[in-house]
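Enquirer: If you're matching positions, the sequence shown starts at 4 in our numbering and goes up one per residue.
These are computed hints drawn from the structure, not numbers from a lab.
Be a bit skeptical, because a hint or two may be false.
To be verified - For lysine-lysine, the following BS3-like pairs were computed, each having C-alpha atoms within a straight-line distance of at most 27 Å:
#1 K211 with K13
#2 K362 with K327
#3 K15 with K211
For clarity, every value in this text was computed on a predicted model and none was experimentally measured.
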Amino acid sequence: MPTSMTFETKAKLGYAILVLLLAAGMAYSVRRLSFVADDQVARLRAGEDEIKLVERLRWNSEILVASDWGYLISGDPGLLTQVQSAKARLDENLRALRDQNLSPTGLELVAEVEQVSERFMRVQERHLDARRRTEDPSKLVRRFDAEQVPLSHELDHALDRLVDQKEAGLRDLYEQARTYRARLELWLYALLGFLVLAGLGIAWRCAKVLGRSYRHEAAAHEAARKSLAARDEIMGIVAHDLRNPLGAIRMRAALVRMDAGSEKTRQQAASIENTTMRMEYLIRTMLDVATMEAGRFSVIAGPCDVENLLREAMEMFEAIAASKQVRFEQRIEAPGLAIHADQERVLQVLSNLLGNALKFTPQGGQVTLAVDRQGEEARFAVLDTGPGISREHLTCVFDRFWKGDTPGKKGTGLGLFIAKGIIDAHGGRIWVESEPGHGARFYFTLPLELDTRPPPRG
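Using the sequences plus the hints, can you model the full thing?
Expert: Here you go:
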């Protein structure tokens, strides 16, 4: 059955499409701009080349007139050679001009230039023939001034009109380039506006979905807060209402055990007494967890002798260690320490850590309770030779309801969570070091009592 896309997928897809549109639009614009720029450069270059040809034609015609006039006066053969050379270049320029891609107007102007050039050449040829027949030079010069100079001026005027037409064409090309640039600029602004609107649309949609999700999350958070408050209230009521009956049951079970006439009755009374003690412990644990989660957990700190704490902790577990045949030792690296802490809560931490260590240490193993000094703190350590903790579990051993993966070991999974909450409330820290097969080493620190801290240097 097909599933609908998640919000994250839709957002990514929308922005991917937006980026693709931006890239495609920019690529098209760059490609089009490059094509048009190349076309316009080619057309401008062609127009400039045509103007160059016209100017060369003008220059050659002037050289031709000057050389012709000089030859008519002097009859110098060298000047005649220059005349022939200028005529050849003039013909070459006219052919090159005809080969250009000209407009109808340009063709008419070139035809006019050719006609004037032909008349000019014919008149020039008559003058040259006359000079070769050694006619009177002064007479030839007058004929030159009367016949050929006007044709030269007419050729200049025709070339001027052709140049003006080419310059007008160049101006048109420049105007077309400006017009196309303006259109392309408008297209780019339109594309940018579309992409901005599309981006705003996607952002608005994302903001709307996120806002709805935030409101749902806020509502769920408020509901959870109220549920937690109700749970804490119920737990407080239940704990208060259960502890007194449980205390009464335990006292009556103790009386029955002491006054029992048979061994079986004493065993049953002892079982009831142990069960009630276990229930009281579970109730205290639940209350501690609830207050820690609600952020209302606190301790009543005061001066505590470290050696007395260790002695009490050792006395609590000596019998259990002996029954399991586990060597149970203490090690005091810095005698005479006193900490600023809640003694009962610290004993609760030591009880949790030592209970776990003895539970997981096999027969013949060893559990060590140690303390030393680190600056203005006392560092406690509970070391065992049990199976250890795998690396991937080291970061979650203090999480609520965490239980190790050792088979056959049961528990609530709250002991280490509560221990961390107690140490945090004292301003200390707690951590674990372990390698599978090499036991576990639990450490925690607590602040020293002020009068046991070293005096300031000065």
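Enquirer: Would the hint linking K211 and K13 be met if the CA-CA limit is 27 Å?
Expert: Measuring from Cα to Cα gives roughly 13 Å; hence the hint holds.
Enquirer: With a cut-off of 27 Å on the C-alpha distance, tell me whether K15 and K211 pass.
Expert: Roughly 16 Å between the alpha carbons, so the hint for K15 and K211 holds.
Enquirer: Going straight from one Cα to the other, do K362 and K327 come out at no more than 27 Å?
Expert: Measuring from Cα to Cα gives roughly 9 Å; hence the hint holds.
In the structure shown, no violation is registered for any of the earlier numbered hints.
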